[in-house]
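Trainee: Sequence:
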Amino acid sequence: MESFSKLRSMDLIQVPLTAEPGRWVGPIKQTPKLHSTRDRKTATHIKVTTSQLSTSNNKCSILILADSENEKNKWVGLLNELHRILKKNKLKDRSVFVPKEAYDSALPLIKTTQSAAIIEIIRVGDNKKVHQIELISGEQLIAVISGRNRHVRLFPTSALDGREGDFFKLVETKGCQTLVSGSMRHGAATCLCVAMKRQVQCYELNQSKTRHKKFKEIQVPGNVQWMAIFNERLLVGYQSGFAKYPLQGDGGPISLLHPDDHTLSFITQQPNDAICAVEISGKEYLLCFSTVGIYVDCQGRRSRQQELMWPAIPTTC
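At position 151 of the sequence shown (counting the first as 1) the number is 150 in numbering that gives the first Met the number 0, and the numbers step up by one without a gap.
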């Protein structure tokens, strides 16, 4: 046993059982039955009682075996002095785990239970998995892709404050992969574009009861992987390609990989996922694929000879 002066100079990491108010340390009156004659003759015991090992009011006792009565007295004095120092200095509890009573062991049926599970009594919200959130501040709405079927729902921004409010489910959006919002009609209206596989549905957000109205449907050459709205045009990324679609009017799409530019043919010759596109100016775009990034003009022809190479496949840009 180390001396008390040496223990006081050590950095205290954890002292079990000593800092609680219900703890008691002292000798016991009767020596319990021991396993050898030598133990019965020479050993003495210390009894440590604690009340915080469980959530119930039951007290737990621990027996500590000392080699001699002198050793017993040293340990009793040391533990009591250590308890006094801890109470005086009010040291913080640095334990990593705190045991909690999960059930009452006095119940007869629980004693035979071999396994258990924790079940939430109250479900938080509707417990639907959220895949994407789009804040549409101009309309005071939040567009959310959620649930097993990945439907789009419109929530009022007041829901962020915990206030109850109606949400609006876009029924035709089952299996939505991604969505994007933007302005049109020179900022007088807001649209929401929702992608399902190779189809994009465009909705105008308004002040009606359902807060939305479908006005256009767009077919894309491949499964939609990315979308954005630039200058009232919908820019869609799909495997090995990007294309621009007008939100208003009947104009056709413009591919941002011009078929006559043979310097870009290597992109379509092998599968390249569309990561994102960046509008450098009104006349130039940076197209980011899973293997390379290239600069093109508004007609889809290469605008710069330099290319961006990634050290690994990017997950986002």
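None of these hints come from the bench; they were simulated from the model. Predicted, not measured: the structure shown is a model, and the values here were computed from it. Careful, some of the hints might be misleading.
Computed cross-link-like contacts, BS3-like style, restricted to lysine-lysine with a CA-CA straight-line distance of at most 27 Å [what the hints assert, rightly or not]:
{"hint": "1", "residue 1": "K73", "residue 2": "K87"}
{"hint": "2", "residue 1": "K243", "residue 2": "K196"}
{"hint": "3", "residue 1": "K282", "residue 2": "K212"}
{"hint": "4", "residue 1": "K173", "residue 2": "K208"}
{"hint": "5", "residue 1": "K127", "residue 2": "K86"}
{"hint": "6", "residue 1": "K196", "residue 2": "K212"}
{"hint": "7", "residue 1": "K91", "residue 2": "K128"}
{"hint": "8", "residue 1": "K127", "residue 2": "K71"}
{"hint": "9", "residue 1": "K73", "residue 2": "K127"}
{"hint": "10", "residue 1": "K127", "residue 2": "K196"}
{"hint": "11", "residue 1": "K196", "residue 2": "K213"}
{"hint": "12", "residue 1": "K86", "residue 2": "K128"}
{"hint": "13", "residue 1": "K127", "residue 2": "K89"}
{"hint": "14", "residue 1": "K127", "residue 2": "K91"}
{"hint": "15", "residue 1": "K128", "residue 2": "K208"}
{"hint": "16", "residue 1": "K73", "residue 2": "K86"}
{"hint": "17", "residue 1": "K173", "residue 2": "K212"}
{"hint": "18", "residue 1": "K127", "residue 2": "K87"}
{"hint": "19", "residue 1": "K86", "residue 2": "K71"}
{"hint": "20", "residue 1": "K243", "residue 2": "K173"}
{"hint": "21", "residue 1": "K208", "residue 2": "K243"}
{"hint": "22", "residue 1": "K127", "residue 2": "K212"}
{"hint": "23", "residue 1": "K168", "residue 2": "K208"}
{"hint": "24", "residue 1": "K128", "residue 2": "K73"}
{"hint": "25", "residue 1": "K87", "residue 2": "K71"}
{"hint": "26", "residue 1": "K91", "residue 2": "K46"}
{"hint": "27", "residue 1": "K127", "residue 2": "K243"}
Distance ranges between label pairs, derived from CB positions [what the hints assert, rightly or not]:
{"hint": "28", "residue 1": "H130", "residue 2": "N79", "range": "44 to 52 Å"}
{"hint": "29", "residue 1": "E133", "residue 2": "D260", "range": "44 to 52 Å"}
{"hint": "30", "residue 1": "L62", "residue 2": "R162", "range": "17 to 25 Å"}
{"hint": "31", "residue 1": "I84", "residue 2": "E133", "range": "26 to 34 Å"}
All C-beta atoms in this analysis are idealised placements derived from N, C-alpha and C, irrespective of residue type, glycine included.
Trainee: Now tell me, hint by hint, if it's right for this structure.
Mentor: Now the hints, each set against the structure:
Using a Cα cut-off of 27 Å, the hinted pair K73 and K87 holds, with the two alpha carbons roughly 21 Å apart. Distance hint between K243 and K196 is fulfilled; the C-alpha atoms sit about 17 Å from each other, no more than 27 Å. Pair hint K282 plus K212 does not hold up; C-alpha atoms about 32 Å apart against a cutoff of 27 Å. Restraint check for K173 and K208: the C-alpha separation of about 21 Å stays at or below 27 Å, so the hint holds.
Note on K127 and K86: the hinted pairing is violated, with a Cα-Cα distance of about 48 Å set against a maximum of 27 Å. The hinted pair formed by K196 and K212 meets the criterion: a straight-line CA distance of about 21 Å does not exceed 27 Å. For the suggested pair K91 and K128, the alpha carbons sit about 39 Å apart, so the restraint of at most 27 Å is broken. Of the supplied pair hints, the one linking K127 and K71 is violated, its CA atoms being roughly 61 Å apart against a limit of 27 Å.
Distance restraint check for K73 and K127: the Cα-Cα separation of roughly 61 Å exceeds the 27 Å cut-off, and the hinted pair is therefore not satisfied. This hinted pair checks out: K127 and K196 have alpha carbons roughly 22 Å apart, not beyond 27 Å. Under the criterion of a C-alpha separation no larger than 27 Å, the hint pairing K196 with K213 is consistent with the structure, at around 18 Å. With a CA separation close to 48 Å, the supplied pair K86 and K128 exceeds the 27 Å bound.
A distance of roughly 45 Å separates the Cα atoms of K127 and K89; the hinted pair therefore is violated under the 27 Å criterion. Proximity of K127 to K91 is assessed by CA-CA distance (about 40 Å); at most 27 Å being required, the pair is judged violated. With a C-alpha separation of about 26 Å, the suggested pairing of K128 with K208 holds against the 27 Å cut-off. Among the hinted pairs, K73 with K86 is consistent with the structure: their alpha-carbon atoms are about 20 Å apart, no more than 27 Å.
For the proposed pair K173 and K212, the alpha carbon gap of about 17 Å is at most 27 Å, so the pair holds. In summary, the hint linking K127 to K87 is not supported, as the alpha carbons are separated by about 51 Å, beyond the 27 Å threshold. Restraint check for K86 and K71: the C-alpha separation of about 23 Å stays at or below 27 Å, so the hint holds. Between the alpha carbons of K243 and K173 the distance comes to roughly 24 Å, so the proposed pair stays at or under 27 Å and holds.
Straight-line distance between C-alpha atoms of K208 and K243 comes to about 31 Å, which puts the hinted pair past the 27 Å bound. The straight-line distance between the Cα atoms of K127 and K212 is roughly 25 Å, inside the 27 Å bound, and the hint therefore holds. Proximity of K168 to K208 is assessed by CA-CA distance (about 12 Å); at most 27 Å being required, the pair is judged to hold. Note on K128 and K73: the hinted pairing is violated, with a Cα-Cα distance of about 60 Å set against a maximum of 27 Å.
For a cut-off of 27 Å, the pair hint linking K87 to K71 stands: about 24 Å separates their Cα positions. Pair hint K91 plus K46 holds up; C-alpha atoms about 25 Å apart against a cutoff of 27 Å. Among the hinted pairs, K127 with K243 is inconsistent with the structure: their alpha-carbon atoms are about 33 Å apart, more than 27 Å. Judged by the Cβ atoms, the range 44 to 52 Å given for H130 and N79 is violated: they are separated by roughly 60 Å.
Distance hint check: the CB atoms of E133 and D260 are about 34 Å apart, inconsistent with the given range 44 to 52 Å. As the Cβ distance of L62 to R162 is approximately 59 Å, the hint placing it in 17 to 25 Å is violated. Between I84 and E133 the CB atoms are about 58 Å apart, so this pair departs from the stated range of 26 to 34 Å.
In summary, the structure is inconsistent with hints 3, 5, 7, 8, 9, 12, 13, 14, 18, 21, 24, 27, 28, 29, 30 and 31 from the numbered list given earlier, while agreeing with the others.
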